[in-house]
Each structure stands twice: as structure tokens, then as C-alpha cells.
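Novice: One letter stands for each residue in the lines below.
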Amino acid sequence: EAQVTQNPRYLITVTGKKLTVTCSQNMNHEYMSWYRQDPGLGLRQIYYSMNVEVTDKGDVPEGYKVSRKEKRNFPLILESPSPNQTSLYFCASRGQVPYEQYFGPGTRLTVT
Amino acid sequence: QKEVEQNSGPLSVPEGAIASLNCTYSDRGSQSFFWYRQYSGKSPELIMSIYSNGDKEDGRFTAQLNKASQYVSLLIRDSQPSDSATYLCADHTGGFKTIFGAGTRLFVKA
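Residue numbers (this note's numbering), protein chains in the order written: chain A, 1 to 112; chain B, 1 to 110.
Treat the hints as calculated values from the structure; they're not laboratory data.
Accuracy of the hints is not assured; some may be wrong.
[To be verified] In silico DSS-like pairs for lysine-lysine, Cα to Cα no more than 27 Å straight-line: (1) 109/B x 71/A; (2) 42/B x 57/A; (3) 97/B x 67/B; (4) 65/A x 67/B; (5) 18/A x 42/B; (6) 69/A x 2/B; (7) 97/B x 57/A; (8) 56/B x 57/A; (9) 67/B x 71/A.
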């Protein structure tokens, strides 16, 4: 089954404790992206990757890091999480064309 | 900053009616638009894409694009309670970025 998986699905952590949210896709897609979703603000792009070892900032990259060492994986790293990073996070992937994205199930992160 | 605007709603329609969802976009050069449906606590799922001016129909759904007026709409015919969700309009602005609207909440009353 074609899918995007994320782990963990739920995470509660404390300010400053480094964490990683994993994302993996099995569709051999070149393009992957991370979004955060907050009430009233919709989906905002954090980082995206066009292929292995190629990443770029989205609209809200501050406080986040990413890496793309393998085509299927695109982890999101929060080196020092803060309460304003409490949000619902989605990973997405797509091929070259068409441009429709496939989303993972989401990770709900709470930083206290 | 490129933007996609949507009325947050909620939009409430009776079962069997036509629901009309709209969005406007700021980038006159945008070419590709998508409608996603998102149930509460779930991930967005693609409903339709539209790339050309005019209408595109798929079952009960019709997407409309008017590039001159920079708006995109989604019509849902014979609305069902299971259509109750948030509908996200997205503008693929070219390159590798996609700009999403904040979404419109739709309630279909049985």
C-alpha cells in the first residue's frame, strides 16, 4: 500500500529537550515536505526537499532542522523545542508530476 | 508573500443541497490548484486538482477556476453528512512550494 508514515503520532515533551519526528514514504517520490498546522492559520510549510541531500526552507523554518540522506526518509528535528512549536505536524510527499501531495497521518506535538 | 484566502466558515447546508466553497489567490501567475478535504484530527486528502480555466467535474464534485478574477471554487452536489469537514484550497505556486488557505469548515445537516 502506497503511504506516508510518521512517528511518533503523539508526543509531549519539555522545553529544550531535542526531538526527532520521522517521516517515510514508499512511493519513490522525489519531493517531500514538512508542514505545521495551527488553528486559523492553515498548513504552513516548514522545509521541503527536492531530492536526496537537497533541502530548502519553507515559510516557517525557524527552530527546525531537516535532513534527506535517503530518498524515502525525511526526518524533522527540533534541537531545542519551545512552547510555540506546539502544533500538529504533517509530512507530505509527491512525485515530479502531477503536483498532488500525499500526507502522513500527522504528529501532535506538545511542548511544555 | 503569496496568499490564498478562504472564508473560515462554518458553512452550514442541509443534506441534499449544493455546498459552494470559494478561495482567492494572490499570485496571478499561479497555474495549479488543489482542493483537499480534512476531517477533524486527520490528514488532508486530495479531492480534486484543476489547472485550466473553466469547470472540472468528478462525481458530486465540481472545481471551477477563473484566472482573470483569481478565484477557485468547489461545488459539492447532493451534500451528505459525511461531507462535513474542513476544505483546504491550495495553490501550487511553481517550484516546490504549495500555499494553503486556512480552510473552510463545512457542516451538512441531516
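Novice: Are the hints correct? Go through all of them and say.
Specialist: Right, here's what the structure says about each hint:
no.: 1; hint: 109/B x 71/A; verdict: 44 Å, violated
no.: 2; hint: 42/B x 57/A; verdict: 25 Å, holds
no.: 3; hint: 97/B x 67/B; verdict: 19 Å, holds
no.: 4; hint: 65/A x 67/B; verdict: 36 Å, violated
no.: 5; hint: 18/A x 42/B; verdict: 26 Å, holds
no.: 6; hint: 69/A x 2/B; verdict: 30 Å, violated
no.: 7; hint: 97/B x 57/A; verdict: 10 Å, holds
no.: 8; hint: 56/B x 57/A; verdict: 33 Å, violated
no.: 9; hint: 67/B x 71/A; verdict: 35 Å, violated
In terms of the numbered hints stated before, the structure departs from hints 1, 4, 6, 8, 9, listed from lowest to highest.
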